[in-house]
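**Student:** This is what each chain is made of:
Protein chains: 2
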Amino acid sequence: MKLHNYFRSSASFRVRIALELKGLPYDYRAVHLVKGEHKQPDFAAVTASALVPALETDEGAVLSQSMAIIEYLDETHPNPPLLPKDPLGRARVRALAQLIACEIHPLNNLRVLKYLVREMKVEEEAKNTWYRHWVRSGLEMFEQELQRLPASPYCHGDAPTLADCCLVPQIFNGQRFNVDMAGLPRTMGAFEACMKLPAFQKAQPSNCPDNEG
Amino acid sequence: MKLHNYFRSSASFRVRIALELKGLPYDYRAVHLVKGEHKQPDFAAVTASALVPALETDEGAVLSQSMAIIEYLDETHPNPPLLPKDPLGRARVRALAQLIACEIHPLNNLRVLKYLVREMKVEEEAKNTWYRHWVRSGLEMFEQELQRLPASPYCHGDAPTLADCCLVPQIFNGQRFNVDMAGLPRTMGAFEACMKLPAFQKAQPSNCPDNEG
Chain A
1 MKLHNYFRSS ASFRVRIALE LKGLPYDYRA VHLVKGEHKQ PDFAAVTASA LVPALETDEG
61 AVLSQSMAII EYLDETHPNP PLLPKDPLGR ARVRALAQLI ACEIHPLNNL RVLKYLVREM
121 KVEEEAKNTW YRHWVRSGLE MFEQELQRLP ASPYCHGDAP TLADCCLVPQ IFNGQRFNVD
181 MAGLPRTMGA FEACMKLPAF QKAQPSNCPD NEG
Chain B
1 MKLHNYFRSS ASFRVRIALE LKGLPYDYRA VHLVKGEHKQ PDFAAVTASA LVPALETDEG
61 AVLSQSMAII EYLDETHPNP PLLPKDPLGR ARVRALAQLI ACEIHPLNNL RVLKYLVREM
121 KVEEEAKNTW YRHWVRSGLE MFEQELQRLP ASPYCHGDAP TLADCCLVPQ IFNGQRFNVD
181 MAGLPRTMGA FEACMKLPAF QKAQPSNCPD NEG
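Protein sequence lines correspond, in order, to chains A and B. Mapping of the first sequence onto the UniProt record's numbering: position 91 corresponds to residue 91, and the numbering continues sequentially without gaps. Mapping of the second sequence onto the UniProt record's numbering: position 119 corresponds to residue 119, and the numbering continues sequentially without gaps.
Worth flagging that the hints you see were computed from the coordinates, not collected in a lab. Here a beta-carbon is modelled for each residue, glycine too, at the ideal position from N, C-alpha and C. There's no promise every hint is true.
[As the list claims (entries may be wrong)] Within a straight-line C-alpha distance of at most 27 angstroms, the following computed DSS-like cross-link-like pairs (lysine-lysine) qualify: (1) A:K127 - B:K2; (2) B:K127 - A:K39; (3) B:K127 - A:K85; (4) A:K127 - B:K39; (5) B:K85 - A:K114; (6) A:K121 - B:K114; (7) B:K39 - B:K114; (8) A:K85 - B:K114; (9) A:K2 - B:K85; (10) A:K127 - B:K127; (11) A:K85 - B:K85; (12) A:K22 - A:K85; (13) B:K121 - A:K127; (14) B:K121 - A:K121.
[To be verified] Each pair of labels, with its calculated beta carbon distance range: (15) B:H32 - A:V62: 19 to 27 angstroms; (16) A:K196 - B:P198: 51 to 59 angstroms; (17) A:N79 - B:N207: 41 to 49 angstroms.
[As the list claims (entries may be wrong)] Listing some non-contacts, in silico: residues in chain A with all C-beta distances to chain B over 10 angstroms: (18) G36; (19) A101; (20) L107; (21) V112; (22) A193.
If we strip away everything but chain A, and leave its shape as in the complex, we get (with noise of 0.2 angstroms):
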């Protein structure tokens, strides 16, 4: 398999956390999303919507949006596994995944961030407020959700899931903009618990060949 991703990129990291879960090997390709590489007529060749991450499995098809990879990935290689077996756990999992990757990282993803720069002519200080606003009330969200699930280590469950998979690049990319972690302690210790596993380790960007540190 062949991930097309970019170090830094939050979706990128969820895919690279599930991969390393499974132990499945793949071929890292960088796409450099901020020198404008996922515009290029190399990457647009490979996927229709210019989008990372991107996977090519090992039979040529090229798959893509992170959550979906992640399912795919769980359906086709099941050990361990990041979805639970009971359909309201697996509700449980999707709605905190979902939570993160359409409540919280839309609004602060690169593309965004540009255009309230360069569109809407939004100050640096503005821009980063609006950053750690939604992080932060996004987060608080999540935690009141953890509060209602049976106490564990990480998000749901003895083991990391799908929600985990998301939850741990949104803490780097909110930590990254000083954004205010305090009073969040299940949401804090599933992130602390998930960073205790090597494969959340090995997946984060200062360990990604194109990390620019």
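Based on the hints, put chain B in the right spot on chain A.
**Tutor:** Using the frame of chain A, we list chain B on its own:
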């Protein structure tokens, strides 16, 4: 089942379509987002994140996040299926759904538009330009993805799926803000095919009990 939702919420509309496609009866519980009813204690008692839609199952569990709810309905009431049976097809359908639910809709929901106006002092016209930019550019990506898939009256295959449950509300939403829908033949073809079906007709905002016209 009880569906806490709002007639104009795209994410609520997605779940209403899925419930209608599966022929599942439900109590319609209106939560008026513009009046802030989602922030009232009544609704906070139901759901931790104060987001609609929220589905209360007959067993009393409360589920959040529209795509997670739809997958739960698909797993607990498999007919008609809203996802293909093969992992690759499932990945395709989920990616199409997520292209809308993660790349387009989050930038245009009510709380984001409110933040732009109230906190960032963005003018009405710039807000509408923002709105149309993300819908149009997102639907162009969606069209590119559809163009790479085999011909189909719907988004994928010969019956509506999770992807159509997400597409149709996004088109309604875009039309309300006068987004140009020209040059999107597969996308608009799928929309029109869906709107010929009673399930999509019944679920639309104008047929909701809290519709304000």
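**Student:** Next, verify each hint and record whether it holds.
**Tutor:** How the hints compare with the structure:
| no. | hint | result |
| --- | --- | --- |
| 1 | A:K127 - B:K2 | violated (39 angstroms) |
| 2 | B:K127 - A:K39 | holds (26 angstroms) |
| 3 | B:K127 - A:K85 | violated (43 angstroms) |
| 4 | A:K127 - B:K39 | holds (26 angstroms) |
| 5 | B:K85 - A:K114 | violated (39 angstroms) |
| 6 | A:K121 - B:K114 | holds (18 angstroms) |
| 7 | B:K39 - B:K114 | holds (15 angstroms) |
| 8 | A:K85 - B:K114 | violated (39 angstroms) |
| 9 | A:K2 - B:K85 | holds (24 angstroms) |
| 10 | A:K127 - B:K127 | holds (16 angstroms) |
| 11 | A:K85 - B:K85 | holds (17 angstroms) |
| 12 | A:K22 - A:K85 | holds (17 angstroms) |
| 13 | B:K121 - A:K127 | holds (13 angstroms) |
| 14 | B:K121 - A:K121 | holds (12 angstroms) |
| 15 | B:H32 - A:V62: 19 to 27 angstroms | violated (43 angstroms) |
| 16 | A:K196 - B:P198: 51 to 59 angstroms | holds (52 angstroms) |
| 17 | A:N79 - B:N207: 41 to 49 angstroms | holds (45 angstroms) |
| 18 | G36 | holds (15 angstroms) |
| 19 | A101 | violated (5 angstroms) |
| 20 | L107 | violated (6 angstroms) |
| 21 | V112 | violated (7 angstroms) |
| 22 | A193 | holds (21 angstroms) |
In this structure, the hints that do not hold are numbers 1, 3, 5, 8, 15, 19, 20 and 21, in rising order.
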